[in-house]
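Novice: One-letter residues, chain by chain:
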Amino acid sequence: MGKAGDAFKSALLAALVTLGLAFPIVALRTDTNLSNQLVLTERWGLTFILAAVVGAGVFLLTLVRPVLAARATPKVSSRTAAPPHPFRRYLPRIGLALLIAFPLIASGIAAAGGPGALKLLDNYGIQILTYVLLGWGLNIVVGLAGLLDLGYVAFYAVGAYSSALLTKTFGLSFWLALPLAGILAAFWGLLIGFPVLRLRGDYLAIVTLAFAEIVRLVLINWVPVTGGYAGLSSIPKPTLFGYSLGSEPGGIPSLIGLPPSPVYRLAFMYYLLLALALFTYWVTQKLRSLPVGRAWEAMREDEIACRSLGINTVTTKLSAFATGAFFGGLAGAFFSAHQSFVSPKSFEFMESAVIVAIVVLGGLGSAVGVAIAAVVMIGGTELLRELDALKAVFGNDFDPAQYRMLLFGLAMVLLMIWRPKGLISTREPTVRLKPQPARGAPSFPSAAE
Amino acid sequence: MRWLAQPLLTVDHLSMRFGGLVAVNDLSFTVGRGDITALIGPNGAGKTTVFNCITGFYKPTSGRLALAHGGTVAPKAVDALTRSDQRRTHGATPELFLLERMPDHAIASEARVARTFQNIRLFAGMTVLENLIVAQHKTLMKASGFSLGGLLGLSKYRAAERKAFELAKAWLEVVGLIDRADDPAGDLPYGAQRRLEIARAMCTNPVLLCLDEPAAGLNNKESAELTRLLRGIREQTGVSILLIEHDMSVVMDISDHVVVIEYGVKIADDTAASVKNDPKVIAAYLGVDDDEVALSTGGGPP
Amino acid sequence: MDYFLQQLINGLTLGSIYGLIAIGYTMVYGIIGMVNFAHGDVFMLAAFIALILFLALTQLLGVGSLGLALLIVLVLGMALTSLWGWVIERLAYRPLRGSFRLAPLISAIGMSIFLSNFVQLVQGPRNKSLEPILSNVLVIPVGSGSITLAEKQLLIMVVTAVLLAVLWYVVRHTPLGRAQRACEQDRKMASLLGVDVDRTVSLTFIMGAALASVAGLLWMTYYGVVSFSDGFVPGVKAFTAAVLGGIGSLPGAVLGGLLIGLIETFWSAYFTIDYKDVAAFSILAIVLIFLPSGLLGRPDVEKV
Chain A
1 MGKAGDAFKS ALLAALVTLG LAFPIVALRT DTNLSNQLVL TERWGLTFIL AAVVGAGVFL
61 LTLVRPVLAA RATPKVSSRT AAPPHPFRRY LPRIGLALLI AFPLIASGIA AAGGPGALKL
121 LDNYGIQILT YVLLGWGLNI VVGLAGLLDL GYVAFYAVGA YSSALLTKTF GLSFWLALPL
181 AGILAAFWGL LIGFPVLRLR GDYLAIVTLA FAEIVRLVLI NWVPVTGGYA GLSSIPKPTL
241 FGYSLGSEPG GIPSLIGLPP SPVYRLAFMY YLLLALALFT YWVTQKLRSL PVGRAWEAMR
301 EDEIACRSLG INTVTTKLSA FATGAFFGGL AGAFFSAHQS FVSPKSFEFM ESAVIVAIVV
361 LGGLGSAVGV AIAAVVMIGG TELLRELDAL KAVFGNDFDP AQYRMLLFGL AMVLLMIWRP
421 KGLISTREPT VRLKPQPARG APSFPSAAE
Chain B
1 MRWLAQPLLT VDHLSMRFGG LVAVNDLSFT VGRGDITALI GPNGAGKTTV FNCITGFYKP
61 TSGRLALAHG GTVAPKAVDA LTRSDQRRTH GATPELFLLE RMPDHAIASE ARVARTFQNI
121 RLFAGMTVLE NLIVAQHKTL MKASGFSLGG LLGLSKYRAA ERKAFELAKA WLEVVGLIDR
181 ADDPAGDLPY GAQRRLEIAR AMCTNPVLLC LDEPAAGLNN KESAELTRLL RGIREQTGVS
241 ILLIEHDMSV VMDISDHVVV IEYGVKIADD TAASVKNDPK VIAAYLGVDD DEVALSTGGG
301 PP
Chain C
1 MDYFLQQLIN GLTLGSIYGL IAIGYTMVYG IIGMVNFAHG DVFMLAAFIA LILFLALTQL
61 LGVGSLGLAL LIVLVLGMAL TSLWGWVIER LAYRPLRGSF RLAPLISAIG MSIFLSNFVQ
121 LVQGPRNKSL EPILSNVLVI PVGSGSITLA EKQLLIMVVT AVLLAVLWYV VRHTPLGRAQ
181 RACEQDRKMA SLLGVDVDRT VSLTFIMGAA LASVAGLLWM TYYGVVSFSD GFVPGVKAFT
241 AAVLGGIGSL PGAVLGGLLI GLIETFWSAY FTIDYKDVAA FSILAIVLIF LPSGLLGRPD
301 VEKV
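Residue numbers (the numbering used here), protein chains in the order written: chain A, 1 to 449; chain B, 1 to 302; chain C, 1 to 304.
Nothing false has been slipped in among the hints.
Quick partial rundown of chain A residues pointing at chain C, CB under 8 Å, derived from the structure: (1) Val17; (2) Leu148; (3) Gly201; (4) Leu217; (5) Val356; (6) Met405; (7) Met412; (8) Met416; (9) Pro420.
From chain B, some residues computed to sit far from chain A (all C-beta separations above 12 Å): (10) Phe18; (11) Gly217; (12) Asp269.
Hint data in this document are derived by calculation from the structure and do not stem from the laboratory.
Cβ coordinates follow ideal geometry from the N, Cα and C atoms, glycine included.
One chain only, chain A, in its complex shape (with noise of 0.2 Å):
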C-alpha cells in the first residue's frame, strides 16, 4: 500500500472514531420544551460533517508529517543554550515599549474607526496585563520553586476581598490597602503552605486546589462579611493625592482642561497595572540572583540535594509559596478597585488553571514566556470574541465567544504536546564566569528570563 493508501485508511479510523465520539452527544441534543420536558433534536448532518472533517484532517496530516519532519532541522539539546536570536534579545525591549505607548495605540485604533479605546485597553490592555502579574507570581512558586499550586486564585482572591474591604468597609485609601492586600495574601499564603508544603508533586497540586476551594466556599457562605454570592459593589476607585480620575467636574482631567472622557481613568488604571507588573517582574529577577532565589530553583532540581547542602527545604518553599501569593494579593487589590466589584464568581477553579495554563505553556522559570503565552492565551481568545464575521460562514446562530474556552482547553493540550516544557525552555544563569561574548551591558529589564 501506498502512502496515501495508509493515509486513507488512518483516515477512515479517526473519522469512524469520530463517528463514535459524536454519537450521541452531538447527533442527539436535549432541549427542554414549554412543557418543561426533556425532548430530543437529530443532528445527524452535522455529526456526519464532523467525522468528515476530521478524516479529511488526519488524511492530510499522514500526508503532510512525514515532508515536515524531513525539512526540520535536528533538534539542539534545549540545555545546550544557543546564543539566543538577537530579536529574543530585544524582545523585551520592544514588548515594554509597546506596553508603554498601548494607551496611545488603543486612541489611534479608535481614531481611525477600529473598536472603541476603551474596549482594547480593557479587554486587551488591562484583561491580558493582569494575567501577566499573576503568571508573574505563579512563576515564582510554579516556575522557579517547581511547586504546583493550583490554588493560586485564592490568593487572588484574599487579595481583593481584602483590600475590598478594607477601602469600603474601614475607609482606607487605595494606597494603603494596595499593601495591606499584598501583606495579607502573604500571610494566608504561610498559613496554608505550612501544612500542605511537605506533600509531593500531585499531591500537593490537589491540596493547594481543596483549599483554594474552600476559601471560595466560604467568600459564598460567610455573608456578612462577603455579601455570599453577590459580592461586594461600589468599591471606591483609586484617587491620586485625593483627586478623582473621573471627568467629573474636580477631578484631575477635567482640572487640566481635559476634554470629558472615561479613557482618562482607564489609562490610568492600565498604567498602574503597568507598573505593578513591572515591579514584579523587577523583585523577581532580583530574588533569582539572592540566595533564596538560587535556593528555589535548586529545590525544584533536586530537593534531597538541597537538604544534604544545608537548605532548609520547609522554609525556602514557605518563602516562595508566601512571595508568589504577595503579588497574588496585589493582583487582586488591583483587580476590586478596577472593577469596584468582586463576587466568588471571579475566583473559580478555572482562573488557577488559566494561570497555571500560562506559566507552563510559557516555559517555566522564564518571565518573557509567561509574557508570551499569557498574550497567545488570552489575547487569542478574547480575539475570538470579535470575530463576528464568521457568522457570515457558520450562519446566526453562531457565537464565537462559546469557543473560547473550548479552544483554550484545546490549546493547552496541543500546545503541551508540541512543547512540553513551554514556549521559552532555555534558562538564563543567574551568575557567570565569564561574560557572555557580543552581549550589551544588562539594562533594565534584561534579556534574562
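Once you've looked at the hints, dock chains B and C against the given chain A.
Specialist: Just chains B and C now, kept in the frame of chain A:
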C-alpha cells in the same frame, strides 16, 4: 589507630528497621579525625542506610550518633548531652552534636556533615558554578539579611557574594572544571559530574565528608584521579572522609581505616591491610560475589 | 435512630457513585503516576451520554420496558465512554509520557476544560432534568419510626457491588490484571519482560472510563439532573476518596468513596448543608497532611 584516640564521629549501637526488615543492627564504630574511613560490605549490607542515618535522611530506630567539632569530647560529656533534651552544645569547645536528633539540613549546616549520593544528585539545569554557589546558601543567606539586604543591593551582601564566587572558582580549579563553569551541570560527562558533586559538598565547608560510592561507574584512569583528588582534599583542608565503595582498589589504596558490615552487622573494623586478610571478610564477599573478593585480594582468583 | 439509618443509606448510595469514579483515578495514578484531571469531566460526559441514550430509547425508539432501556443504556454507555477514555489517553496523554513531570497534568487540565466546554457547546448550558425514575420506595420499620429505601438506591448499591466483584476478578485473576500490576511496580521492567505497556495503559483508561460511565448513569438515575459543569466537584471529591483510601489501592478507592459519601451526607444532615463541600475538601487536606499514604495505601519511603 586515630579512630580510637581521636574520634570525630562516634556511632553507638545504631539500629534502623523498616517495618519488619532490620537494615542496620546494633552497629558501633568511630570515624577518626582526619582519617579516610571506608565503610564496605556486600550489596544490601546496609551501608547507604548508615549514611542516611548519619546525614539525617532517615531517623534511626535507636542508637546515638555523636559528632565533635574541634577536639575530643569525654564520654561523660556525651552522656550528659544525651540525658538532656538538647541536640547540641552551644559555644563550648569542643562542640558536640547528636546527629540523630537533628533534621537533615541542620546536620549539613550546623554539624557540617556533607554528602554525595550514589546516583548523582546535581542541580542538572543550573550551571556548574551555580551548583557551587547554592552550596554556600547558609553564609550567603545571612549576608543578604535574609534577602532584604540583598534586594536593596547592600555592599555587605555583594562582598559575601564575591567571596562565595572565589571559593567556587577555587574548587572548580581543584576538580578541573573551571572551563565548564557556565555549562549546565547536567551536560557534564559522568566522571565530571561525580567530581562536581564532591566539589559542591566541599563548598559547604564540612568537617566530615560522606561519599556514597564515589568511584561507581568510573574507569581505571578516573578512579586513580579520584583517589588523588580525595587525598589532596584531605591534605589541603583536613576534612575527614567517610566513604562507601565497592571498588576495592580504591578502598585499599586510600583508606586509613576500614569498617566491614554484612546484613547490618559489623564483621570487621581495622586498618585496610588487616581487613584485607580477615577470613570473615573474605567469606562475606565470597558468599556474594567472586569478583569483589578477587579485587580485594588484589589479583586473580584465589 | 431511624434518621441516622436513613442518612446511612443515603450516604452509602452517594458513596458508591464516588467510589466508582475514584477507581478511575486510582488505577490511572497507580499505573502511570498521573492525576487524570479530566476524569471528573469524563464522568459528566458519561452522565450526558446516559441521559441522551435513555431519552433516545424511550422517546425515539419507543422501548417500553424501563429495565431493558436501562440495561441498554448501561452497556452502550460503557462502550461509548470507553471510546472517549481511549481517545483522550491516545491524543492528550500518551505523547507526553516520560516527558517533563507537569506536562501530563497540564494536558489533563486542558482536556478537562475542553470537555466541559464541548458539552456546553453541543448540549447547551442549561441543567438537564429528567422525570424521576425508579422512585418507588421500600419502607422498612425501625423501632418507633421507619426508613425508606428507594429502588434506585438499591440499584446503585447492587450495581456497584457487582461491578467491583468483576473488577476485582479482572485485576487479580486475568493476564490483563497481571500486566497492570506489573506496570504499576515497574513500567520499564514490565516492558522488557514483554508486557505491552501502551496497550495496558490504554486498557486501564478504558476500564476507568467504563466505571465512570456507570457512575454517570447511576448519578443520572439518582439525581435526575446533570449540567456541563457537574464534572468538577464530584471529580475532586472522587479524587479525595481515592487519596483517602490510599491512591493506587482499589479497595481503598471504594472505601474512600463510601467514607466521603457518608461524611458529606452526615455533615449535611447534622450540621449545615452550606459547608458540606468545605467538609469534603478539608478532609482531603487533612488526610494528605497527616496520612499521606491513605487508609489502605502503601507507605511511601523516600529513596535517597
